[in-house]
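Chains G and W, in that order, are what the protein sequence lines are. Residue numbers for the first sequence follow numbering that gives the first Met the number 0, so the first one is 0 and each next one is one higher. Residue numbers for the second sequence follow numbering that gives the first Met the number 0, so the first one is 0 and each next one is one higher.
No lab work stands behind these hints, which were simulated from the structure alone. Please note: incorrect hints may appear among the correct ones.
A pair counts as met if it fits within one copy or between any two copies, since identical chains are not told apart.
Taking lysine-lysine and the DSS-like style, the derived pairs with C-alpha atoms no more than 25 Å apart in a straight line are [claimed, not checked]: (1) K202 <-> K53; (2) K461 <-> K307; (3) K306 <-> K193; (4) K116 <-> K146; (5) K273 <-> K469; (6) K202 <-> K469; (7) K306 <-> K273; (8) K469 <-> K459.
Listed below are the residues making up each chain.
Protein chains: 2
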Amino acid sequence: MNEKTKCAESSALRIRIDYNNMLSTVVGEHGISPAELEAMHERLASARDAVDAKRDSMRWRDLYITERANLSAILEMAEFVRYRAENFVVLGIGGSALGPIAVQQAIAHLHHNDLGKAVTGCPRIFVEDNIDPERMAALLDVIDLDKTVFNVITKSGSTSETMAQLLIATKLLLDRFGEKDLREHLIVTTDKEKGNLVGIAKKYDLHTFVVPDGVGGRFSELCPVGLLPAAVAGIDISAMLDGAELMDCICTNAEVEKNPALMLAGLEVLAMEKHGANIGVLMPYADSLKYIADWYAQLWAESLGKKKLEGGRMLRFGQTPVKSLGVTDQHSQVQLYTDGPFDKTITFIGVERFRRTVEIPHVFDDIPAVSFLSGHTLNELINAERIATEHAVTASGHMNKTILLPEVNEFTLGQLLMLFELQTAYAGELLGIDAFDQPGVEEGKNATYALLGKPGYEDKLKELQGRSAKNDKYVI
Amino acid sequence: MNEKTKCAESSALRIRIDYNNMLSTVVGEHGISPAELEAMHERLASARDAVDAKRDSMRWRDLYITERANLSAILEMAEFVRYRAENFVVLGIGGSALGPIAVQQAIAHLHHNDLGKAVTGCPRIFVEDNIDPERMAALLDVIDLDKTVFNVITKSGSTSETMAQLLIATKLLLDRFGEKDLREHLIVTTDKEKGNLVGIAKKYDLHTFVVPDGVGGRFSELCPVGLLPAAVAGIDISAMLDGAELMDCICTNAEVEKNPALMLAGLEVLAMEKHGANIGVLMPYADSLKYIADWYAQLWAESLGKKKLEGGRMLRFGQTPVKSLGVTDQHSQVQLYTDGPFDKTITFIGVERFRRTVEIPHVFDDIPAVSFLSGHTLNELINAERIATEHAVTASGHMNKTILLPEVNEFTLGQLLMLFELQTAYAGELLGIDAFDQPGVEEGKNATYALLGKPGYEDKLKELQGRSAKNDKYVI
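Produce the complete structure using the sequences and hints provided.
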């Protein structure tokens, strides 16, 4: 097999990673030594083989294949929404929201909602991923229900936050339009046959899209969860799948040291295990990629934040992801990154070519401290600052690496999503934990059920009430 | 002196803090023991006294007094802008942006810009704290310069990002309106007499507001940096100062154990020094307080992220702040917070009464898994989830505490800002570091200057070019 041909690896639009600055040969004693890296070769190969062997249970990895069949239905529905609606409201939380937000921010105009449908050809898009009453009321202040389509997204159909939002929206829609026309205003994305939304969708004959089996929330962006909202915003979802395909192909076929997701996973695991990096900063230098950091933060935290009983000891895993934005956070966090402890890795995301060019004009040429900027572009300035910050962080001895996108478009974004998903799967395997469950959220869910009086949670309520009262000494 | 009278400590709108769950008696072995806390008493008292003794050099602490004199000028300008403009654009970064963003989000309508001037009586507000060319171009796509007022904010007048934005905006304004009318569209907030903006303001006779001496960027929200944008958004800035005054009064007069800012500082320092908490999560349960976490992240990171040579060893300080949002991030980060390592503290911010009430109606009463929500309000749901998450995190043995606001308004917000500023000042004193400088950002600034060819940085450019080339082996 000729990999290079098969994977279009040499594509000019391929994402690159540069991890020179993770190494002790560059950053000094707090970096990973080349010997440590070499010693990890077998472990990396095993992790890759294990992940490949489980491919059948990792259906998220095949979405770029399986979802091709659904593209025309998704595009048709998106066309209907674009024709019908001035507002498209996603009701979802966690994986049902972070992907749609990240993709819209990356590809759509950065003031999409302000620009107006006459210019964009698309409705305004709102992703409602909280249950703050002020936020829900504020949304209802600015949308006209006549011209609004909701897309409720929850695989289980039992996510309390999303179902509460659905109750509110459905009541408003039924009161206004009646049962027959509900389907004009409410689209369902849920499990194929299980859960509460299936029956509701049937009852009102709602348009329904399916979250496939074996695709957990945080790995669901490339199924209708993410594809429908993206298509509504006019985003080329087919090109996103192409990008994911390229990255998966590269990671499936490349040797260990040439597999970008595997190396990223290995570097973070080494940094965690041997160099005290319990913090992982992700710092894109582009407003368009700001919410990729939020999407990644769920993927990484919820997948790797685990405990495991081993030899009578409870082991704790998980690197805390930190979202940062270049250059903005240079004026907030870089002081800490340079002079602070050696407890973190920093992953920059750079963009070689931006989609717009803005020149910095000559105005105050008599002020040298300002005029040196004139004649350059913001494009040059933001990338100079990224390189300068990389230099400063490296010079201070802190591990860092860079993911470089030739440009931000659907194809590179698809690569980036798959890169991080595979990195996460590999890291779970390297750490010997299950990266695909989230048992730690049950206690909080159950306590919420108890506090709201859900039948069957009476014992949990007693347990909560039985907890010792607060000591007033520690309340100020 | 009768403190309680003087400070109105018993105000029904006073913020409370509850740190029961920081203690080992509640969370177990990974908590702070009551003995550790008691043993810290003298150290806390000394830190408080030291901060009080330096009050003259901490002019940010007196802004609620000194800025009273400027209120009428600020309000008058805000009135002019509200009359004149449909868009108000802040050009600033770091402390010149994070405060304005946080305060607007907290107090103004959550869809302020979508609601329209006819409803709000205020212009749309944009705070531009990045130099991404796509973002600048996108902004210019949606604002009409005729109806736009810019407020450029930089104390030094030499912040590259802000000055680049200023060059772009000024050129557009001069081309459109000429020199004479520039003052109708550009307001300056800067140092009283130093820096490049002073001369520019004089040349064009621009309205100018002053960042007082001794007020660093991250401590500047309660001077014109924050007060003017807030007033333009229709926010009661006098009540914000009142809130700051109350909190300062409490912290000045209270005994150590009743001083909320001092105890918060002490708890974080103990958690860092003795319990490995190099991460501090701030998790407001209210969309309105989302960007308080961003503002706090700069305050805490840039103030405490320091290094110090002591006895021939370089000591490194700094807890990494993590921004989290309840309930949203329950579906992203709480798995890590409960099952992950004992390397963090979690500070919840709760709101007792929200400004809007949204009922969850009865719609699907035949589905028990959903219908238990009906009859409750979103207000109840969000607070039940906050308490449930507090319970889950506590049950898993992780240190946490809660800051409770009776409601979100200008008065409680002013308290919260001062609470965090004092906490930061006390923490700096406890750690024995200078919380008010930021030497670690110079290297990156200088490297940027060099890369852009600023005169005087030729040697730095040579140094950058002289760094060893990237090893292709580590580029994939």
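The hints, checked one at a time:
Within a single copy, K202 and K53 get their C-alpha atoms no closer than 38 Å, and across copies no closer than 69 Å, so neither meets the 25 Å cut-off. In this assembly of identical chains, the alpha carbons of K461 and K307 never lie at most 25 Å apart, being 29 Å within a copy and 51 Å across copies at closest. Taking identical chains as interchangeable, the C-alpha atoms of K306 and K193 are never at most 25 Å apart, the minima being 29 Å within one chain and 55 Å between chains. Proximity of K116 and K146 under a CA criterion of 25 Å is satisfied in both settings, with 12 Å inside one chain copy and 22 Å between copies.
Only between protomers do K273 and K469 lie at most 25 Å apart by alpha-carbon distance; the minimum there is 24 Å, versus 40 Å within a single protomer. For the identical chains of this complex, K202 and K469 are neighbours neither inside a copy (48 Å) nor across copies (61 Å), given an alpha-carbon limit of 25 Å. In this assembly of identical chains, the alpha carbons of K306 and K273 lie at most 25 Å apart whether taken from the same copy (19 Å) or from different copies (22 Å). Taking identical chains as interchangeable, the C-alpha atoms of K469 and K459 lie at most 25 Å apart only when both belong to the same chain, with a minimum of 19 Å there against 57 Å between chains.
When each numbered hint is compared with the structure, violations occur for hints 1, 2, 3 and 6.
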